[in-house]
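Starting from the known structure of chain A, arrange chain B on it as the hints suggest.
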Amino acid sequence: MTLAAENLTLTRGGHEVVRGLSARLTPGEITAIVGPNGAGKSSLLLGLAGLLAPSAGAVTLEAGSLAALHPRARAQAIGYLPQTPDIAWDVSVESLVALGRLPWPGRGQAAIDAALAALDCEGLRRRRVSQLSGGERARVLLTRVLAGEPHWILADEPLAALDLAHQLGLIAHLKACAGEGQGVVVVLHDLAIAMNHSARVLVLKEGQLIADGPPSEALAPAVIAQAWGVAARWLGEPGAMALATGPGPGRAEQGFG
Amino acid sequence: MNRASLIFLALLAALLPLSLLAGRVWIDPFDTRATANAALILAELRLPRAVLAIVIGAGLGAAGAAMQGYLRNPLADPGLFGIAPMAALGAVASFWLAPLLPAAVAAWSLPLLALGGAGLGMAALALIAGRTSSDAAGGAGGGIALFTLAGLMLASLAGALTALAITLAPNPFALSEIVLWLNGALTDRSWREVALAAPLIAAGIGMLALAARSLDALTLGEEAARSLGLDPARLLLLLVVGIGLTVGAGVAVAGIIGFVGLVVPHLVRPLTNRLPSSLILPSALAGACLVLAADSIVRVLPFVTELRLGIALSLIGAPFFGWLLIGMRRGRL
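Those sequence lines, one after another, are chains A and B.
Heads up: the first sequence at position 97 corresponds to 96 in numbering that gives the first Met the number 0, and the numbers run straight through without jumps.
Heads up: the second sequence at position 77 corresponds to 76 in numbering that gives the first Met the number 0, and the numbers run straight through without jumps.
Isolated chain B (complex conformation):
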């Protein structure tokens, strides 16, 4: 565990208790007359929500670090490359399909269809980019460029189909549900969502960690990386499955939460030796901190309805992205 990991672990340890106490009902930890209500709020509302924020943030942070390493580009965001939009499309499809399903299945249809969408996106990416990476082994090159284009193609296709589903919404109620859901949030999430997402995201981070040394090799370019023993097909598989699990499971339980995967590796990179392998674990921890802090803040903001977490993070993330672009123009990245 490197220095950056320790810093963000300590930050997370400080943020978690604060997050548990903050909300519409502030809980006073020194109040000895703690009510049953407070205990219930903690155990059934605050704690699962905080754990889910940590899990989702960790997945997005790790996916961002791995994605930037793979594309050798500090402006890559895992959400840009098809998997998150495909998961969102699956979730939107569930608004149509749920009424047709038996009640027991319908309750789970949204996360399951979102995971299905992510899986479909992963398969399409692996099929298109996998072929090119074996081509690259034959010297044609361009594996990473084709991966990017395939991801963008998927993202725009999924985006268009999602927009179609919205315009054809069966009723205004479904319409507002879809739109609300697309702007991710952690409101009213329970241990059920944690149980669904946590194992998948943990497995995904594990896959990305396995890819770390191969991502380091890519620092020197594709040919030099292969000369160091990199297996492009194995790397692509680890990456597609790892990002599919981390991002797909996150979208399945919380909707689209953007910019975490883009912003977090940037904040972490200067604290590390800048190689992707040293970035994945601290980015996971920093992502957990960011989503946990942002979710705690939207909870206490004095709005009539809670500001959606996805909107809040994009409000912070988009200007940050612009600042990065300006920094890049000045050659400071």
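This is chain A alone, in the form it adopts within the complex:
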């Protein structure tokens, strides 16, 4: 089930935040969306999730327009994890994960159990969300998305506020999902994680797609210089690369004024 943006333009508060973007995403791999602050990453993810209506162009799921899909059918196909997921009520982990089943009829206990098992959250089942650590909370919120058994998992900076070990743990879970054939799209800030763990990277700058491809191409130093205005080079071996940065030509010319 492919998810595609076709000449997609998104408008928020009267401003075009994504302009004329086209990309056909394939399931079974992790696609990372990266770009400087304000580049339109989160808006693009909302658009792909069908939660922000296109002002021009379209998002299609398989062959049909996402906008024409009934909200319930869309919710069954696409799971979305917001950037700052707040939880209004101090519910138990199991109740929270069960919310992921809302698009489906019935309770779906089997899917809830499977999702809890997949993310090693079985021991947290009876815990209240207020009693979770930051890492546990992030894992539980992703479990909620998995419980809905979506074809696509769209997560907005799921690794923010996690320490290194938890970041790698969560990425491993997302990789496992992709391995099962689900589509995974994540907005990332950490370019090294995008480099090492994604199969494809979309680089946004000012609402436009400036690079799209395997990370070694889309995150080449030239692209990083163009998007962020930072001179950078990759160190290390494939799969374990680190980014070394220095002041770039763009930043040096602009100064900080």
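Be aware that one or more of the hints could be misleading.
What the hints assert, rightly or not - Under 7 Å between C-beta atoms, here's a sample of chain B residues computed to sit facing chain A: (1) Ser175; (2) Ala216; (3) Gly220; (4) Glu222; (5) Ala223; (6) Arg225; (7) Ser226; (8) Leu227; (9) Gly228; (10) Asp230; (11) Arg233; (12) Asn272; (13) Arg273; (14) Leu274.
Claimed, not checked - DEER-style ranges, computed between Cβ atoms: (15) B/Ser155 with A/Gly12: 22 to 32 Å; (16) A/Gly12 with B/Arg233: 20 to 30 Å; (17) A/Ser129 with B/Pro171: 50 to 60 Å; (18) A/Gly13 with B/Asn72: 24 to 34 Å; (19) A/Ser129 with B/Ser155: 28 to 38 Å; (20) A/Pro104 with B/Thr166: 51 to 61 Å; (21) B/Val299 with A/Ser132: 45 to 55 Å; (22) A/Glu205 with B/Leu151: 33 to 43 Å; (23) B/Gly158 with A/Glu121: 45 to 55 Å; (24) B/Val299 with A/Ala109: 48 to 58 Å; (25) B/Val178 with A/Gly133: 51 to 61 Å; (26) A/Arg125 with B/Leu151: 33 to 43 Å.
It should be emphasised that the hints constitute simulated quantities derived from the structure, not laboratory data.
Fair warning: this is a prediction, and the values are worked out from it, not measured in the lab.
Quick reminder that beta carbons are idealized off the backbone N, C-alpha and C, glycines included.
Positioned in the frame of chain A, the structure of chain B alone reads:
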């Protein structure tokens, strides 16, 4: 039906007979020489009053649970958001209009105008907040914030107009009638009021129950809720009509009874899994218990004139609200 519902159902079953026996005239259930008077008091005074207390309390409890779920805030009270003040304004207007109407209509003018006021409030809320919720679907967000502001705007407008109506009261008698009525009470209510309010409140609770799963989805925030298939426009409609019916019909027959919608969901929440859907039915039952118990107590208090139920509940409710605020500051909510 969950555990909390069973608890409050049992409590209600225990409270009802007690409430029927309590009052200025205590009725002894074991007195075999029961007089015709006792039967009359039961059938025509106590029973309709108790049923009305149950119906109104249930409506306020359910509305409070739904409102807190929608606003994702444990301090929300359905009375704060325009509909109760608008219903009260309609009722106050009837004190002016009743003398101008034919007698047959005038007898019903207060509840009907109160319902009209609630309806007007609902329409205004839906118009203002409905537009923003479709905006939110387009990504502008802030649907719930605008709903709150629109409700507060309506509440203060209705409050100001009600105050104006009071200061311009045609005569001192009308003035005292209005002021007394604004502090809700169930004194001297009959089956007539029950017949008017019960179907509307039952329909309103039904609407709120239909909104329950959408309210659960909102636990995760507006965007996540929409990603789970929530239809913001449908939810807003169910909520505005459901709260309009439950609160509006209550105000129409009993005046303003505050704090039930705020306090009850708090008492019930720890007994449930804390999701709004598990809270609506037990809050309705607990609201019925609270209003029934409070009304029975004001009836037997040794005052010359009966303490108004609305005043009594606010006397309990306001300190409770303060206690909640302190608890919230300590992060225990």
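Do the hints match the structure? See the list:
no.	hint	verdict
1	Ser175	violated (44 Å)
2	Ala216	holds (5 Å)
3	Gly220	holds (5 Å)
4	Glu222	holds (5 Å)
5	Ala223	holds (5 Å)
6	Arg225	holds (5 Å)
7	Ser226	holds (4 Å)
8	Leu227	holds (5 Å)
9	Gly228	holds (3 Å)
10	Asp230	holds (6 Å)
11	Arg233	violated (10 Å)
12	Asn272	holds (5 Å)
13	Arg273	holds (4 Å)
14	Leu274	holds (6 Å)
15	B/Ser155 with A/Gly12: 22 to 32 Å	holds (28 Å)
16	A/Gly12 with B/Arg233: 20 to 30 Å	holds (25 Å)
17	A/Ser129 with B/Pro171: 50 to 60 Å	holds (55 Å)
18	A/Gly13 with B/Asn72: 24 to 34 Å	holds (29 Å)
19	A/Ser129 with B/Ser155: 28 to 38 Å	holds (35 Å)
20	A/Pro104 with B/Thr166: 51 to 61 Å	holds (56 Å)
21	B/Val299 with A/Ser132: 45 to 55 Å	holds (53 Å)
22	A/Glu205 with B/Leu151: 33 to 43 Å	holds (39 Å)
23	B/Gly158 with A/Glu121: 45 to 55 Å	holds (53 Å)
24	B/Val299 with A/Ala109: 48 to 58 Å	holds (55 Å)
25	B/Val178 with A/Gly133: 51 to 61 Å	holds (54 Å)
26	A/Arg125 with B/Leu151: 33 to 43 Å	holds (39 Å)
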